[in-house]
Every structure is written in structure tokens, then in C-alpha cells.
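Produce the complete structure using the sequences and hints provided.
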Amino acid sequence: MADDIREAQAVTPAADAAPAASVVVDGLPPENHTPGIEPDVPITSPDAFAVASTDGPAPKRGLRAMLPRRSGKLIVGLALVIAIIVFSIIGPFFTQSPTSTENQQYLPPSSEHWLGTNHLGVDIFAQLANGGAGSLMVGLVAGTLALVLSLCFGIIAGYVGGWTDEILKFITNVMLVIPGLPLVIVISAYLSTRSLWIVALILGFTAWAGAAIVLRLQAKSLRSRDYVYAAKVAGEKTHRIILVEILPNLLPLLAANFLGAVLLAILGEAGLSYLGLGPSGSITWGTILNQASANGALAQQMWWWFVPPGLMIALFGCGLALINFSIDEIINPKLRQAPAAVKSVRKARKSRATQRPSGPSAVASAPVAPRDDEKVKA
Amino acid sequence: MRFYVRRITFYVITLWAAVSLNFLLPKLMPGDPKQIFIDKFVRKGGELTPAMQNSIDLLFGGDDDATLWDQYLSYWGKILQGDLGISITYYPKPVVELIGAALPWTLGLVGLATIISFILGIVGGAWVGWKRGTWVDHVIPASTLLQALPYFWLALILVSVFSVSLGWFPIIGAYDIFSFDNGPEWSWEFVGSVVYHGTLPALTIIISAVGGWLLGMRNMMVSTLSEDYVTTAEAKGLRPMRVATTYATRNAVLPSIAGFGVTLGFVVAGSVVMEQVFSYPGLGKLLLTSVQSNDFALMQGTFLVITVSVLAANFLMELIYGFIDPRTRNNG
Amino acid sequence: MSTSTVSARPAGDAGAGPGAIPVLTASNISIEYQVTPVVQAVKDVSLTLHRGEILGLAGESGCGKTTLAYGLNQLLKPPALRTSGEIVLHDKDGHDIDVAALSGNALRAFRWDKVSMVFQGAMNALNPVISIKAQLFDVFDTHRPGMSRKEKTQRSRELLELVGVDPKRLDSYAHELSGGMRQRVMIAMALALNPQVMIMDEPTTALDVVVQRGILREIMRLREQLGFAVIFITHDLPMLLEISDRIAVMLQGEIVELNSAEAIYAAPAHEYTRKLLASFPSLTGERGAFVRAGGDTEDNTGEVA
Numbered sequence: 001m002a003d004d005i006r007e008a009q010a011v012t013p014a015a016d017a018a019p020a021a022s023v024v025v026d027g028l029p030p031e032n033h034t035p036g037i038e039p040d041v042p043i044t045s046p047d048a049f050a051v052a053s054t055d056g057p058a059p060k061r062g063l064r065a066m067l068p069r070r071s072g073k074l075i076v077g078l079a080l081v082i083a084i085i086v087f088s089i090i091g092p093f094f095t096q097s098p099t100s101t102e103n104q105q106y107l108p109p110s111s112e113h114w115l116g117t118n119h120l121g122v123d124i125f126a127q128l129a130n131g132g133a134g135s136l137m138v139g140l141v142a143g144t145l146a147l148v149l150s151l152c153f154g155i156i157a158g159y160v161g162g163w164t165d166e167i168l169k170f171i172t173n174v175m176l177v178i179p180g181l182p183l184v185i186v187i188s189a190y191l192s193t194r195s196l197w198i199v200a201l202i203l204g205f206t207a208w209a210g211a212a213i214v215l216r217l218q219a220k221s222l223r224s225r226d227y228v229y230a231a232k233v234a235g236e237k238t239h240r241i242i243l244v245e246i247l248p249n250l251l252p253l254l255a256a257n258f259l260g261a262v263l264l265a266i267l268g269e270a271g272l273s274y275l276g277l278g279p280s281g282s283i284t285w286g287t288i289l290n291q292a293s294a295n296g297a298l299a300q301q302m303w304w305w306f307v308p309p310g311l312m313i314a315l316f317g318c319g320l321a322l323i324n325f326s327i328d329e330i331i332n333p334k335l336r337q338a339p340a341a342v343k344s345v346r347k348a349r350k351s352r353a354t355q356r357p358s359g360p361s362a363v364a365s366a367p368v369a370p371r372d373d374e375k376v377k378a
Numbered sequence: 001m002r003f004y005v006r007r008i009t010f011y012v013i014t015l016w017a018a019v020s021l022n023f024l025l026p027k028l029m030p031g032d033p034k035q036i037f038i039d040k041f042v043r044k045g046g047e048l049t050p051a052m053q054n055s056i057d058l059l060f061g062g063d064d065d066a067t068l069w070d071q072y073l074s075y076w077g078k079i080l081q082g083d084l085g086i087s088i089t090y091y092p093k094p095v096v097e098l099i100g101a102a103l104p105w106t107l108g109l110v111g112l113a114t115i116i117s118f119i120l121g122i123v124g125g126a127w128v129g130w131k132r133g134t135w136v137d138h139v140i141p142a143s144t145l146l147q148a149l150p151y152f153w154l155a156l157i158l159v160s161v162f163s164v165s166l167g168w169f170p171i172i173g174a175y176d177i178f179s180f181d182n183g184p185e186w187s188w189e190f191v192g193s194v195v196y197h198g199t200l201p202a203l204t205i206i207i208s209a210v211g212g213w214l215l216g217m218r219n220m221m222v223s224t225l226s227e228d229y230v231t232t233a234e235a236k237g238l239r240p241m242r243v244a245t246t247y248a249t250r251n252a253v254l255p256s257i258a259g260f261g262v263t264l265g266f267v268v269a270g271s272v273v274m275e276q277v278f279s280y281p282g283l284g285k286l287l288l289t290s291v292q293s294n295d296f297a298l299m300q301g302t303f304l305v306i307t308v309s310v311l312a313a314n315f316l317m318e319l320i321y322g323f324i325d326p327r328t329r330n331n332g
Numbered sequence: 001m002s003t004s005t006v007s008a009r010p011a012g013d014a015g016a017g018p019g020a021i022p023v024l025t026a027s028n029i030s031i032e033y034q035v036t037p038v039v040q041a042v043k044d045v046s047l048t049l050h051r052g053e054i055l056g057l058a059g060e061s062g063c064g065k066t067t068l069a070y071g072l073n074q075l076l077k078p079p080a081l082r083t084s085g086e087i088v089l090h091d092k093d094g095h096d097i098d099v100a101a102l103s104g105n106a107l108r109a110f111r112w113d114k115v116s117m118v119f120q121g122a123m124n125a126l127n128p129v130i131s132i133k134a135q136l137f138d139v140f141d142t143h144r145p146g147m148s149r150k151e152k153t154q155r156s157r158e159l160l161e162l163v164g165v166d167p168k169r170l171d172s173y174a175h176e177l178s179g180g181m182r183q184r185v186m187i188a189m190a191l192a193l194n195p196q197v198m199i200m201d202e203p204t205t206a207l208d209v210v211v212q213r214g215i216l217r218e219i220m221r222l223r224e225q226l227g228f229a230v231i232f233i234t235h236d237l238p239m240l241l242e243i244s245d246r247i248a249v250m251l252q253g254e255i256v257e258l259n260s261a262e263a264i265y266a267a268p269a270h271e272y273t274r275k276l277l278a279s280f281p282s283l284t285g286e287r288g289a290f291v292r293a294g295g296d297t298e299d300n301t302g303e304v305a
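Protein chains in written order, with full-length UniProt numbering: chain A, 1 to 378; chain B, 1 to 332; chain C, 1 to 305.
Keep in mind that a hint or two might mislead.
[Said to hold, decoys possible] Only pairs whose alpha carbons sit at most 30 angstroms apart, straight line, appear in this in silico BS3-like list of lysine-lysine:
1. C:Lys133 <-> C:Lys152
2. C:Lys150 <-> C:Lys92
3. B:Lys93 <-> A:Lys169
4. A:Lys343 <-> C:Lys43
5. C:Lys275 <-> A:Lys350
6. C:Lys150 <-> C:Lys168
7. C:Lys43 <-> A:Lys347
8. A:Lys169 <-> A:Lys237
9. B:Lys93 <-> B:Lys78
10. B:Lys93 <-> B:Lys34
11. A:Lys73 <-> A:Lys347
12. C:Lys133 <-> C:Lys168
Hints in this document: simulated from the structure, not taken from any laboratory.
This is the structure:
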């Protein structure tokens, strides 16, 4: 079906949950079998060597093999995320109350008020510490909601097929195309007061479509794998099959989607709050930005007011993005292997060239990999 | 051919869904938007003429016992006639007129910025993917991080640095309203002013949008480069440029085009907020203004037009996709 | 036909008949995979291919035959790296070309013109978004820039006819062709520049037996007609016994036996060769033991199907 072709293209291979089992990389065999996914498609691979990983020790089988490789990106990402979460939880105990207006207004940073005070005399650092919880909470709730909805619309549609699939797919596509933020704005406008929960719900309800499409395609492809079929023939109920056979193999993908959804929700809430449509009566990083912007922080160059809240969001977002990137590399090992392979060959060639500069066995003129010495673009 | 028919059908149905959604939303919300609207309207000194009352009834449903279905039908009737109601914020201007004034700005700025971002992202991503294993790989974490920044915060900072302190760029507006106080005109000075005012806003959109396409394209490029047909092309001794374009990029770009709808959503979101930051007189600003003053007619109208524009852009991309990927043409 | 003695490294031209003219000489090729720990994929392999002959390269998965083939053509992709050895092509017009020393434009000119390759699993070897014609034309545009459009079309049609594909299919796309057709198109493409050597890596493995037969016949017929030499890589030893002139058996990166096909069939010298021969069941005769369970009975070395 042409439709499916287009949809399959819309889902990049980065989203293929089980590529390790069916991909031959650069003439090399699949590196580690993602456990639980035995290749039932014959691998027309040449010389299957047991190729160890190119960085770090080979991961053990089992759950460990699915975890992201320890790498700089991952560590930095985790550090950022955890640090900010800790700050949001513990911070409020160490700062002033974020609503006390006893201080002078518009104070610049000082040792007493690390980030100065705002137009009402509230300590901005206190707001920052307390706002974290709000922003993060919205992100978490919305992210979870988006995940659940994408699971329902995606996996159920993909696995069950038939009319259910058609209907769910249609709803998903409609939700996908209708622009998200304007819809959220319109819904928020009709509600005169909005709590944190409501904002989270709205954001969650409008953010699941993209992930649903990916999951649907995955479920469809997994549906025809042998072990799923075997379970079906053995009489297992549908929901058990989904829970036990299909979901575990999609874990990396789900994790990546979840983190992505959280990131989007936090950014979305920030945007909404900045526009004045955020949670009424709560403090989040976005509402701080809204106040800053509405009270001339820009014109007065009060960077200590409007830079930190955005910075917190940015840092948290970067942390999530870095973690997601590491997960991406599990989902599609080619992303890590191919560049690493090119690097290691280059290193090897260099070291051989310095060892034997005049070897007749053509080391110096060793086969140049087709791409290295060619300027292709710019 | 069937591919196109299916897609057209889809878009027609989605359009219908969007309009219906627009109609239903006020009905589903708590509170009485109609009363709020009327109160606000009267407070602004508006006159409840029968025509106005009619318009309000059509938007929110009359007090008389016209069934939901009838209201729905007359709503459709009005829309097809191009009547989206009267705005109260800019009373007595009809909504259509306001939208008509704002639309070109959004299409121009956001449209252009989107196209530039797309091209930059695709070409950049292809290049980064081609140069895998070299220093270029370090670009990736940088662009990943760029994507995680709140775009409007970035805009605020840019404004603060470039407009307020350095004074290089204007802070708000689409053109210099003091020099052109009669409104837009066709002159080079005007165009210059537009470009000058549009630079920073466009830059914001491009910075926040390019990362997504760049990363996606790079990932796809790395995958594609290990495909058999690329190896075959190299084995044939084809020129690297040819391999890079026709064999690698041409295949790698397909997901970016197929998935354009999703990424466009982000661009639209970004542009709405951007128009707020820069007070740019586009559809986004109009939407926000209408929300802030509870001008529901304007709000619904603007939302509708935004949705239609997005649908149109998506549809265009689908056409392009069908054109580029021959696999869609024959089977079903 | 001499039965070569069993040595770890049979001579590169072992088993060749008298009057055989070498066209490709590979000596002491070693290829490593630069991973941790470094993997020796091909260990000191020497091989001589003669004009017009079919040299079969047999061995199980993982023995290094494909890696060797890629190495001969300078197609190794990272992390594979050729660490030693010489590859010399003895051109028709008398020159010797040092393949290993080629790079850049010289390498590109060499590729496909002198040595072409048919890859394993042509399922994916054709670019899905451009037509067959465009891909054939690419070859001509790069290597024979003087050809006019008419000439290119003419030649492309000829090639398709040569391999038994309807020339009308020239404007088709890859997804419109069946597996067998795609493989034939690949072969046609490989023949486009009249190469002197064709390397075929499991060209028929993914196809069903009837199609397999047809393609094999085509290859042999074309070889008769055009005179190129073939390195035929497969794990299917009985197939090689049928079509090859000489066979090289590879095990874990080394060539353990290299001899004429008849010699290998009648008197396999190496242990592993014997095991390979015994592992293919016979359609006639006794139900011998196979799949390396030991016990190869006298009449069990395979009446190949």
C-alpha cells in the first residue's frame, strides 16, 4: 500500500526497535543480538565474525545489552537531569518563601538575593527553586499521558489491525496534522482558571500523535515475527501477548519517546506560561519568564530575571536530549558503529604509516577508503 | 494515482474535522463563552444589532431551540460564504479582514524561514552524515542541544543582546510604523524595512528549527550510506558527488519529507510565540490578542485559518513525496 | 591434472591447466577488522585467477571469502583494513596494474571497467528511487563519457537482452522487478563495460532453485561468449563442482585447498574439504552420514542434485 510506504518512510530507521537482529552493517554482521529478538529473517550476511564493540567492554547478554553505552553524552545528560531534579526538590527548603513580598523591588543580584528581586519584591532565586517543581511536574504528567495515549493508539492499532486499526490510524493522523500549540492555546483560552494538572492534561492530549505512528509501525512489524505468532497459536490472549512479547522489545523506543514527550511538555508549558496561558496561581519557570517580560525586564536589561528560568529549562532539556541521543544509538546501532568504524580504521592506518614509512607492501599507499580524500560538499 | 486520491480524501476529511472541532470546542468548555462574549462586547460599547446577534448565535448557538445539527449546518454555511464573524477587539472589522491583513506576514516570514531551515537542515545533515567519523561528528551534540532550548527564551536573549543593548535590530514590528504611517506600500524602502525588521524573528525560527531536520537527515544519511546500493554505486566507480546526491541523499531525504507534518507543527508553535516576542503582526499575534481579550470570533477564525494553512503545507509536501518516491506510484 | 600436496598454503595457481594466462594475481593478502580485539579476517591468502576461468571460492559463513572479495576490489569498508599483500591485474593490452596502489580517480576509472562485482542479495543493490535506465546510464556517463544518448540506450537494451530481461523493462524501477530479474539486471550492469574479471558473491543464494539454475546457465553462457574470468563465491560446494574450473576452499581466513574441480571432487586433499563434500546429502545411493557426523562412505561424496 502506497500509504504504508510513505508512513514507513516517515518513521526513520532510528525508530526501528529491532534492527540489531536484521541489519548487516558495512559488510559486518550484527554486533550484539538485542536479547529476545532472535533473527528469524535469514541474515544474508557475509563472514559472521564475533565482532566485539569498538568502545568499552562488550555488554553482557540480557537487560544490560539494552542499556545505553556508558559514554560522555550519557553521563553529562544524566548529571544535568538529576542535578536539576534534586535542586527542584531540595531547593525550596533553603530559600525564602516565593510569595513573600517583604523585600524591596527590582533589586539586582546580591549576596542576600542571589538573583535579585522582581517587581513585587519577591526573591527570584526562591521563585526559581520553587518553580522547578511545577515545571517538572507538568512535564512528567504530560509525558506520561502522551506515552499512554501513544501506546493505546499505536500498539493496539498496529497489532490488532482491521477496522480498529483504520479508525485509530485516522484519529492519529488527524491529531498529527492539526497544529498543536494553537489548539492548546484555544483550549486554554476557554478555561478561565487552569491548574497545573489541567495544563499538563491539555499538553499530554495534544502531543501523542507522532509517537503513536512510530509505535504502530513497530507493532505491525513485530506482529508477524515468529515468536509472536507462536504465542498466538499457543492461545495466549491478545493483551498478554502485547504485554509480554511485544512491549519489552520496544523498551528503548518507549523510553526515547517518553523523554521526548517530557521535553516537549516542559517546553510547551513554558511557552504557554510565557504567553500568559499557563497554570494560574502556580509558579513555574515559564510564569517567571512571563512576569519578567511583562514588567520590562528586557528593556531594563535585568538579565538576572529572565535568563535563569530559561536556562534551567534549557539545561534540563539538554540533559534529556543527550540521554535520548544515547538511546537512539541503541535503537540504531549503525549511528554509533559506522562513525566509530571509520575512526578506528583511520587510526590504524596512521599508526601503521608511522611504523613502516617505506614498506613495499603498499602500506603508505594502502587502499584509501572511498570517502576519505574526497571533498564532496562545501 | 490511488496514492493521491487517498491522500486528498484524507485532507478533505481532516479539514472537515478541524472545522467541526472549531465548532464544538466552545460547546464543550465549562462556563458560558457566549455570555462572556456578549458582556465584553457590550462593555466595549458595541451595539447588539440583529446582524450582530445573528453572528453571535451562529458562533455559539442561539437561545432558540435550533438543534445542534442545525447550528452546525449554518456554521458551515457561513464559513463557506467567507463569514467568520465580527471581531470585538477591532470592532467593527470583520474577522476575515483582520486575518487577511495578518496572513501575508505570517506566510512570508514563517514560510520563508521554514523553507530556509528545511534546506539548511537537509543539506547540512547530508554533509554531516557523509563526513561521518571525522571532526564534523562533533556538530551533532551541539545541534541536539540547540533543539532543547526554549525558542522564545532564545528569542528574548537575542532581542536583549542585539536589539536593546547593541541596537543592531529593531525590537518590534514588521516594518517601521513611523516611517510608513499609511501602512504598507510597494516601494524599495518599504521592502528594506520589512527585511530589516524580519531578520531577527526569522533568525529565531531558523535557529530553533534547523536542528531537528539536520539531526534527522544526518541519522538517515548514516543509515543509508551502509545500504547495499550505495556500496554498489561505489563499486561501479561512480563519482563521489553522484553517489552522495543521487544514491545517498535522494534516499535519505525521504523520511524528512514524509514526516514533514510533525516538524512543521513545531515550527508553527515556535512562530506563534515568536510573533509575541517581537510583536510581529501575523496570525500568531492575532490569535494571542484574541485570546487575551476573549474575542472568540476572532480566535476561532484565526485558528481555522492557521489549521488550513498547515494542512495545505502538509498536502504540498505529500505531493512532493509522491513525486520523489516511485514506490508510491504503482502499488495501490 | 596434478593432485597437489596438502600444505597450509597451496600455490596461487595450483590446479590450473597448461596455457592458462593469469589475469589477476593476489599475493599474501591479509585483512583485519580494526575492532577490539583486532580480528584477522583473511590470513596471508594468495590466489591467481586466469583468463576466462571460473574460480570458485567455497567455505562456510564467516570464513572470510566475502571479505577477501571486497579486498580484491578495494571495497573494504571500515572497520576492515587490508594490512598487507599485493593485487595485480594483468590487463588485456599487456600492462600490469597495481590495484592496491590505486586511489582517487584512477581507482574509480579502474572499477567496473576492469573488475566488476555482483553482490550478495541484489534485493537491495539497486537504487530504489531512480530507474534501471538511469543506473545503467550512470555507468556509461562515468566511464564512457563520449557515448551519445542513443548509443547508451542501445547498449543498455543489448545488455538486458543478453541476460534475458525484456528491454522494455529499462524504464522500470527496482521494486517493480522480481528477485530473479533484479539479479539478472545486476549481472547486466556488471557486464556493461566488458570487464575482464567478474566477482560474484553468492549471486543465487536468495533465489529459488529454478531461477538459480537459469542464472547459472546465463553466467556460463556469457562467459563463453565474452571471455571474462569469474570468481564465484558461495558456500554451496556442489554448485561449484558443477560450474567451476578451479575451486579454492577457505577456512577461517586461509585457503586450505586450491585445485581443479575434478581433483577436488575425486581426491580432496584437506580434511575440511572432505567434510564439506560429505555434508551435502546425495539424492541417490546410500543414505550416508552427512552434516559432519564423520563416516564418509565411499559412494557418499555426493551425486549433486
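Do the hints match the structure? See the list:
no. : hint                  : in the structure
1   : C:Lys133 <-> C:Lys152 : holds (9 angstroms)
2   : C:Lys150 <-> C:Lys92  : holds (28 angstroms)
3   : B:Lys93 <-> A:Lys169  : violated (41 angstroms)
4   : A:Lys343 <-> C:Lys43  : holds (23 angstroms)
5   : C:Lys275 <-> A:Lys350 : violated (42 angstroms)
6   : C:Lys150 <-> C:Lys168 : holds (15 angstroms)
7   : C:Lys43 <-> A:Lys347  : holds (21 angstroms)
8   : A:Lys169 <-> A:Lys237 : holds (23 angstroms)
9   : B:Lys93 <-> B:Lys78   : holds (17 angstroms)
10  : B:Lys93 <-> B:Lys34   : holds (19 angstroms)
11  : A:Lys73 <-> A:Lys347  : holds (22 angstroms)
12  : C:Lys133 <-> C:Lys168 : holds (10 angstroms)
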